[in-house]
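Student: Sequence:
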Amino acid sequence: MNPYILIPFSTLIINGFLFSYVSALKGKSETVTLYQRYSFLLFLWHVSIILYWSFLPNDWATIVFKASSFCWIFIGLLFFEFAVRFTNSSYRFTIYFFRGFCLVSFLLTISTDLVITGTIRSYWGDMILAGPLYLPISNFVSVIPTLIGCFILIRNGFRSSNPLLKQQSRLVAYGTILTFLFSFTTTLLPRYWSASLTFPPLSGSATLIQSVCIFIAIHKYGFMDLKLERIALRLYSEIREGLILLSSKGILLFSNLSARRMLHLPDSLNLGSNFDLKDYLENFPSDSFFKRKEFVNLSVKTESSSLNSPEEFLQIIENKYLEVSSSPISLSGKNRDKIYILRDITEKKNALEKIRELLYRLDLDLDFARDIQQMITTRDFPASPDYKIHSHFQPYVKVGGDILNVIKEKDESLHILFGDVSGHGISAAMVAAMISIAFNAATGRSGSTDKNLLFIHELLKDTITLHSLSSVYMRYVSSERKLEYSYGGHHAGLLIRNGICHPIEGSGEILFATLSPKIQRYELDLIKGDRVLFYSDGLFEVKNREGNVLGKDHFLEAVGSLIVEDTNSMIRSILSYSDSYGEGEVSDDITIFCLEIL
Numbered sequence: 042m043n044p045y046i047l048i049p050f051s052t053l054i055i056n057g058f059l060f061s062y063v064s065a066l067k068g069k070s071e072t073v074t075l076y077q078r079y080s081f082l083l084f085l086w087h088v089s090i091i092l093y094w095s096f097l098p099n100d101w102a103t104i105v106f107k108a109s110s111f112c113w114i115f116i117g118l119l120f121f122e123f124a125v126r127f128t129n130s131s132y133r134f135t136i137y138f139f140r141g142f143c144l145v146s147f148l149l150t151i152s153t154d155l156v157i158t159g160t161i162r163s164y165w166g167d168m169i170l171a172g173p174l175y176l177p178i179s180n181f182v183s184v185i186p187t188l189i190g191c192f193i194l195i196r197n198g199f200r201s202s203n204p205l206l207k208q209q210s211r212l213v214a215y216g217t218i219l220t221f222l223f224s225f226t227t228t229l230l231p232r233y234w235s236a237s238l239t240f241p242p243l244s245g246s247a248t249l250i251q252s253v254c255i256f257i258a259i260h261k262y263g264f265m266d267l268k269l270e271r272i273a274l275r276l277y278s279e280i281r282e283g284l285i286l287l288s289s290k291g292i293l294l295f296s297n298l299s300a301r302r303m304l305h306l307p308d309s310l311n312l313g314s315n316f317d318l319k320d321y322l323e324n325f326p327s328d329s330f331f332k333r334k335e336f337v338n339l340s341v342k343t344e345s346s347s348l349n350s351p352e353e354f355l356q357i358i359e360n361k362y363l364e365v366s367s368s369p370i371s372l373s374g375k376n377r378d379k380i381y382i383l384r385d386i387t388e389k390k391n392a393l394e395k396i397r398e399l400l401y402r403l404d405l406d407l408d409f410a411r412d413i414q415q416m417i418t419t420r421d422f423p424a425s426p427d428y429k430i431h432s433h434f435q436p437y438v439k440v441g442g443d444i445l446n447v448i449k450e451k452d453e454s455l456h457i458l459f460g461d462v463s464g465h466g467i468s469a470a471m472v473a474a475m476i477s478i479a480f481n482a483a484t485g486r487s488g489s490t491d492k493n494l495l496f497i498h499e500l501l502k503d504t505i506t507l508h509s510l511s512s513v514y515m516r517y518v519s520s521e522r523k524l525e526y527s528y529g530g531h532h533a534g535l536l537i538r539n540g541i542c543h544p545i546e547g548s549g550e551i552l553f554a555t556l557s558p559k560i561q562r563y564e565l566d567l568i569k570g571d572r573v574l575f576y577s578d579g580l581f582e583v584k585n586r587e588g589n590v591l592g593k594d595h596f597l598e599a600v601g602s603l604i605v606e607d608t609n610s611m612i613r614s615i616l617s618y619s620d621s622y623g624e625g626e627v628s629d630d631i632t633i634f635c636l637e638i639l
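Each step along the sequence shown adds one to the number in the working numbering, with nothing skipped, and position 239 is 280.
Each statement offered as a hint is correct.
Now the in silico label distances, taken between C-beta atoms and shown as ranges:
1) E282 to L556: 57 to 63 Å
2) F134 to I218: 22 to 28 Å
3) R411 to L556: 30 to 36 Å
4) R411 to L310: 54 to 60 Å
5) I541 to D406: 43 to 49 Å
6) H305 to Y401: 32 to 38 Å
7) P231 to G291: 55 to 61 Å
8) E450 to R411: 26 to 32 Å
9) Y62 to S163: 33 to 39 Å
10) I218 to S309: 42 to 48 Å
11) L47 to F138: 37 to 43 Å
12) S617 to D406: 31 to 37 Å
By construction, these hints were calculated from the structure, which means they are not laboratory data.
None of the values given here were measured: they were computed from a predicted structure.
Note that the Cβ used here is the ideal one computed from N, Cα and C, for glycine as well.
Hey, can you work out the whole structure from these sequences and the hints?
Tutor: As C-alpha cells, then:
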C-alpha cells in the first residue's frame, strides 16, 4: 500500500465530517449553501488525489487528471463567491467573469494538451505533466480569486464596528492565506524552474486548513447567521409588534420603533445602555423566560374617569396592556441573550371587560326572566281530596321552553297544558310565556280540549313563526274521574295502573308548524290509584360518554322498573336514572307532570 495516500484520505475523512455537521445544522442561508458547495468540491478533489496516488494504469492516468481538473479549476471561484456573499459585497461582474474564465479553462483542459500534456509517475504516485497554459490558468483560476476573496474579508473586518464580525472575517482570511502559502509553495512555485516535482504536492490537502477555519467560524461564532440577523432587524424595525433585544447582562442591543412607542422610551436611551423591563411593565420577571404573559404598562397614565358618556365608554387608552413573549437567543455563541416581542392588547382587554359587563347585565336579565317564567308557570297546584298533582321542572339554562300550566275552573274541572317549545334559552322562554298567557284565555272559552288547543294555535300562529310547540291539553273532571285530552304533536303519556305502565293512546299535529293542524279529542276513564304521567323529551335524549342516546324505548323500560307506590320517590328515581345515564350533562329542558287519583 502507498503510505502517501493516507494524506488525502485523512483530509477526505475530516472534510466529510465537517460537511455533514454543517449540513445537519443548515438554515435557509445562501452563505451556508455556498460553503457546502465549496466543501463538496473539496471532497471530490480529495477523491481525485487518492486516485492520482493509487498508481493507475498509464492509459488511465491522463484521462483521470483531465476529467477531475474541474475540482481545482472551480475551487477558487467558489471561495470568492463565498467571501462576497458573507460580506454582502457587490462583485457581480467579477463573479461572472471568473465563472466564464473557469468554464473555458476546463474545456481547454479536457479537449487539448495545452494545460495537461500527460502524467509523470513518481514515488508517491502520478503527477501532472504541465502544458504551456498550466501555470497561467492555475494562477488565474486559483491564486487570483483566492487572494481577492481574502482581501475582501480583511477589508470588511477592518471596516466593521462589530467585534464578532472582525473575528470571523480575520479567522477565515488568515486561514485561507495559510492554505494558499502551502498550496503555492508545494504545487505551483517549483514548476517555475522545473517541469516536475520532487515532493508530493499539498494543494488539495492544504485546503483542509481553510475548511477548518470556516467551520470554526460557523460553530463558535454563529457565523452564518449575521447576514440573516441584519435582514431580520431591518424587517422588525417596521412591524407593528415591538421588539426588544437584550444581552445576558441587560444591555440594550436593539429596539424597534413600535417598542419605543409602546413603552414611551426616552430619546436618551440609546443602544448599549442598561435596560430593565421591570421599570416599564408591572411585576415583570426579568430573571426568567416565559412563553407569553400579559402586563400593565407602567409608562401609560391610567387616571380614573367617570365614563358617563358613550364616547368615554368606548375610549381606549393606547398601549395600556401589553402581551410579552420572551425567548433566549444566542448571538455570540456563548451567552444567553434575550429577545422580547411586545403586542398591544389594550383593545382586546377593554373589549373583554365590556363583554364581561354585558354578560353580567344579561345574567341579571335572565334572572328577571326566570322569575317571570316561574310566575306564569304553575308551581302551586290546586288541592283536592280526589287527586294530587306532582311535578318537576328543570330548564336547560336559567329559562326554558317547557310549559306546565294548571287552572281549576268554576265547575271544579282541571285544565292542564303540558308542552315543549322547540329550541332553548330566551327565545323559547318568550314563546312559552306567550303560550301560557294564551292558555289562560282559552280555558274560559270552551270545555273542549281540541277546540282550546286550536284556539291557542289560531291566536299565536302569525306571531310565532320560528318555533313550534309539541303539547298535550288535558281536562280532568274529578266528579266523574274522566280525563279528556288532545295531543298537539307530543309523545304519548303513561297511565300507571296496578303497577303497570300503559301508553295513553292518541295523536295530533304540532302547533305553529302548519296552518291548520289536525287535533282530535280523546277520553279516558280513571279509577282510584291511577297515575297519569307526562314527561318532556329532555329525559330520554341524554347522551352517555360514548355519545349514545338513551332513547325513548330504553327510558320506558326503565320507568316500568322504577314504579313504586310513593309518587315523589318514583319521580326522583326517574330523574336520577336519566341523570346517571348522561353523567350529569343536561342537553334540554326537563319537565315531569303526574296526576295521581286518590
